[in-house]
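For the protein sequence lines, the chains are A and P, in the order given.
Heads up: the first sequence at position 131 corresponds to 131 in our numbering, and the numbers run straight through without jumps.
Offset between the second sequence (1-based) and our numbering: plus 1000.
Be a bit skeptical, because a hint or two may be false.
As a list, the in silico DSS-like pairs of lysine-lysine whose alpha-carbon atoms are at most 30 Å apart [what the hints assert, rightly or not]:
hint	chain 1	residue 1	chain 2	residue 2
1	A	Lys109	A	Lys43
2	A	Lys339	P	Lys1004
3	A	Lys178	P	Lys1023
4	A	Lys271	A	Lys61
5	P	Lys1004	A	Lys332
6	P	Lys1103	A	Lys355
7	A	Lys260	A	Lys178
8	A	Lys263	A	Lys109
Worth flagging that the hints you see were computed from the coordinates, not collected in a lab.
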Amino acid sequence: MGAVSAFDAEKGIISAGLCGFDINCGVNSIRTNLTADEVSAKKKELIQELFRAVPCGVGSKGKLKLTPEQLDDVLKRGVNWAVENGYGTKDDIEHMEEKGCMDGADSSKVSELAKKRGAPQLGTLGAGNHFLEIQKVSDIFDKETAKKWGINDVNQVLIMVHCGSRGFGHQVATDYLKIQEQAVKKYNIWLPDQQLVCAPVNSQEGKDYFAAMKCAVNYSFTNRLVMTQWIRETFERVFGKDWESMDMHTIYGLAHNVCKKEKHLINGEKKDVIIHRKGSTRSFPNDTVLIAGTMGTASYILKGTETAMQKSFGSTVHGAGRCMSRHAAIKKFWGGDVKKALAEKGIESQSTHPKVLAEEAPGAYKDVEQVIESVHGAGISLKVTRMVPIAVAKG
Amino acid sequence: MKYKFIEDLTSDVMFEAYGKDLKEVFENAAEAMFSVICQLDKVKPLESCHVEAKAESAGKLLIAWLQELISIVDTEAMFFSKFEIQEIKDTMLKAEIKGEPIKPELGETVVKAVTYYKYRFEKTDKGYRVRVSLDI
């Protein structure tokens, strides 16, 4: 797990540093009723078409041209804006953390620079560890739960999208780190590390950050839903069927970098707290928990538990986590070799350039199987299904 | 040496940059960061942009300068390869940077932010040495 922290919602703090730079970096999972054989036969064409349909890479601009008023609407109303404009459906909204929109987002608390960076990037994947992956179900551990989420058989094809709030969220975080740097002095808060800058949650600086962070959360939920719709349209073109008949519904969409007000039991007393989850996923009882693996390895869908409420503020892991820095990975791996090794495992890969494959080489990450066994064993989330990649697109 | 990358598992990317004076270390740090963002040697200095930054100390000014450069990649939709500080004091700088409109094939990775993780800003016998971590 990355970091999970909870502070009293009245007397505590809220920290831009503890939430991180990529606000609402997260994952969406979309199911299909297609089989691995049906998709594998067209995987090369499919991943190339997806790569064209979903803009990715450094500085990638979306196909949407948002006016300032439309951007404000996205920031305030999140995926509701998307659905009203033909991206996704009400059913998608029902299957997202916070229903894809946090209340209390206030775009007047966001800098013009953040808006300028964010407006052209809605509907873009970005680069680095963000990806779009076509997966097949390899194992089902909890048939009843899997069925509830529309996962019926092994070899069923799912799609996973991992990305965040792009330059918009990065700028919101950068702006408020500066503001909270001053707040720490103003309110005389001692810090062990400069990265933990914060402000009292009920100070003006704290309230402003929370309202701006929610804008980035809503931007990111919308970003992933817009791309989800483009993925559906791509499948329609490649398979010659409409997406509803391929059952391409959202299983779930969630955040793994976020601050939220929640109630938790602390020393036997229910308390309102400001939870910061950074590199961590909400794991409330029966929550759908999506765990992204690496390019060549498995991803998982887990189920949230009561144990997580008792042990980890209703939180669990978010991914495999690196065991090698990106710089070391580039030195150790060559993109062409990584692509070839993936192909030998039957995984089609597409990237803006080979180096991103080297940076994200499976060998640069911890063993996801061990990570999942740890959280399953600890009971903070339980295994439902395991998926393995068929094809992956990276920025 | 203008800069070198340093291994640190927790940090996504960490580099040290050097310079005989503030002007040089700021220019070299910018070059180090852009070698992460794009293929520096292939980005042509065709168009220029003016950049200004302010902060309360030289150490914080370096972070403000690099953050300004991260933002300008998005706002101008350009990659940059030449960085010339025209005026610099401990608390402000003015610079001209040159590059070309973004071509996806020249991109490397998105730098999300400059962080304070193990940040160092040191004056040495030979000038300045800085250590910077990037969140990517």
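Each hint tested on the structure:
1. A:Lys109 <-> A:Lys43: 44 Å, violated
2. A:Lys339 <-> P:Lys1004: 28 Å, holds
3. A:Lys178 <-> P:Lys1023: Holds - the C-alpha atoms of P:Lys1023 and A:Lys178 are around 24 Å apart, at most 30 Å.
4. A:Lys271 <-> A:Lys61: Violated, at about 43 Å.
5. P:Lys1004 <-> A:Lys332: 17 Å, holds
6. P:Lys1103 <-> A:Lys355: The given pair, whose Cα atoms are some 16 Å apart, holds under the 30 Å limit.
7. A:Lys260 <-> A:Lys178: Within the cut-off at roughly 21 Å; holds.
8. A:Lys263 <-> A:Lys109: Answer holds: A:Lys263 to A:Lys109 is near 26 Å, not above 30 Å.
The structure shown violates the earlier hints numbered 1 and 4.
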